[in-house]
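Novice: Just add 2 to wherever you are in the sequence shown, counting from 1, and you've got my numbering.
Hints are not guaranteed to be accurate.
Below, simulated DSSO-like cross-link-like pairs (lysine-lysine); rule was C-alpha separation at most 30 Å, straight line [said to hold, decoys possible]:
no.	residue 1	residue 2
1	83	58
2	106	197
3	175	204
4	172	197
5	106	58
6	172	83
7	134	147
If you're looking for bench data, these hints aren't it; they were derived computationally from the structure.
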Amino acid sequence: MADVKDNQNNNELVEFQQYPLRGIIINDRWYYAVVDVIRILTDSANPPVYWRVMKKRAAAEGFEETLKQLETVRLKAADGKLRETEVANRQTLLRLVQSIASPKAEPFRLWLAEAGEEKLQQAEDRANDERKLRAEYKAKGYDDKWIDQRIEADTNRNRLTDEWTYRGAKDGKEFAILTNVISEGTFDLTITEHKQFKSLPKNANLRDHMTRVELALISLGEATAARLHEQRDSQGFDELQRDAEAAGRVGGGARKLVEQETGEPAVSSKNFLPKPKKKSAGKEIAGQTSMFDLLAEPSTQEPEGIDPKTE
Numbered sequence: 003m004a005d006v007k008d009n010q011n012n013n014e015l016v017e018f019q020q021y022p023l024r025g026i027i028i029n030d031r032w033y034y035a036v037v038d039v040i041r042i043l044t045d046s047a048n049p050p051v052y053w054r055v056m057k058k059r060a061a062a063e064g065f066e067e068t069l070k071q072l073e074t075v076r077l078k079a080a081d082g083k084l085r086e087t088e089v090a091n092r093q094t095l096l097r098l099v100q101s102i103a104s105p106k107a108e109p110f111r112l113w114l115a116e117a118g119e120e121k122l123q124q125a126e127d128r129a130n131d132e133r134k135l136r137a138e139y140k141a142k143g144y145d146d147k148w149i150d151q152r153i154e155a156d157t158n159r160n161r162l163t164d165e166w167t168y169r170g171a172k173d174g175k176e177f178a179i180l181t182n183v184i185s186e187g188t189f190d191l192t193i194t195e196h197k198q199f200k201s202l203p204k205n206a207n208l209r210d211h212m213t214r215v216e217l218a219l220i221s222l223g224e225a226t227a228a229r230l231h232e233q234r235d236s237q238g239f240d241e242l243q244r245d246a247e248a249a250g251r252v253g254g255g256a257r258k259l260v261e262q263e264t265g266e267p268a269v270s271s272k273n274f275l276p277k278p279k280k281k282s283a284g285k286e287i288a289g290q291t292s293m294f295d296l297l298a299e300p301s302t303q304e305p306e307g308i309d310p311k312t313e
């Protein structure tokens, strides 16, 4: 049996005939809580005991290889606490279900097959969305390394917002507050101030104008927040905000180290807005330099930003 896994970023609660079934993604594959399956198929008053007896019988009957395919993860139990739970993928569950005499077994097998196809389609849709996003950024002039960093930042962001939803934060205002807490702690600028520093319009997507260093720093802050939520099993806005503040301090500490080692600001005033041009006496006069110009230059050094505190 594998070691206990702590990563709960991709978990969800699904239903089979109105029975709850906990699921989680491990290495891009869906796994489901075995005790939940037993509860569904047997109506047992004590599924954990039923499962222990079933495992002993399976071992005695030579099904050790099937048991080795199980994973142990921490999933949220009925009491709201994270508890170690054995989970199995579709193939392993189908073998286990064969050992359970239940009129629900065949409907469950059919449901599991359909759920698997649905998950595969979701994975394909995500891959298509990523390819489309890459093409859009490429068409706008971004380079491949920046695009990789941007998509990674999006992935971390989505995992974090999944945690917020799972742990009781309300989409909209509370998400915005938590996001700003991490961002301000990381960059020593609110999101509004960061946009102003980059001369961006209010409706601009700030991350589309971040450098790779800025994207890496905000990703670190948000990944740290997600990890703290899991470790502390934080619930509700106040506890999530506490974690966000701590994550901002982590991001801010990393920023200061980057600045110390590079000798230059980690926060850049440059943006990816199209370069404005003015015509005068038949000649074009270049406007403010954007980071598209920097991408075209042979030098990879970030331009020196200005200190927003001295503006």
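Novice: Each of the hints needs a verdict: does it hold here or not?
Specialist: Now the hints, each set against the structure:
A threshold of 30 Å between alpha carbons decides the hint, and for residue 83 with residue 58 the separation of about 27 Å falls inside it, so the pair holds. Restraint check: the Cα-Cα separation between residue 106 and residue 197 comes to about 56 Å, which exceeds 30 Å; the hinted pair is violated. Proposed proximity of residue 175 and residue 204 is supported: the alpha carbons are some 17 Å apart, at most 30 Å. Between residue 172 and residue 197 the alpha-carbon distance is near 24 Å, which keeps this suggested pair within the 30 Å criterion.
Of the pairs offered as hints, the one joining residue 106 and residue 58 holds, with about 23 Å between alpha carbons and a cut-off of 30 Å not exceeded. For the hint linking residue 172 to residue 83, the alpha-carbon distance of about 21 Å falls within 30 Å, and the restraint holds. Taking the CA atoms of residue 134 and residue 147, the gap is near 16 Å; set against the 30 Å cutoff, the hint holds.
The structure fails to meet hint 2 from the earlier list, while all remaining hints are met.
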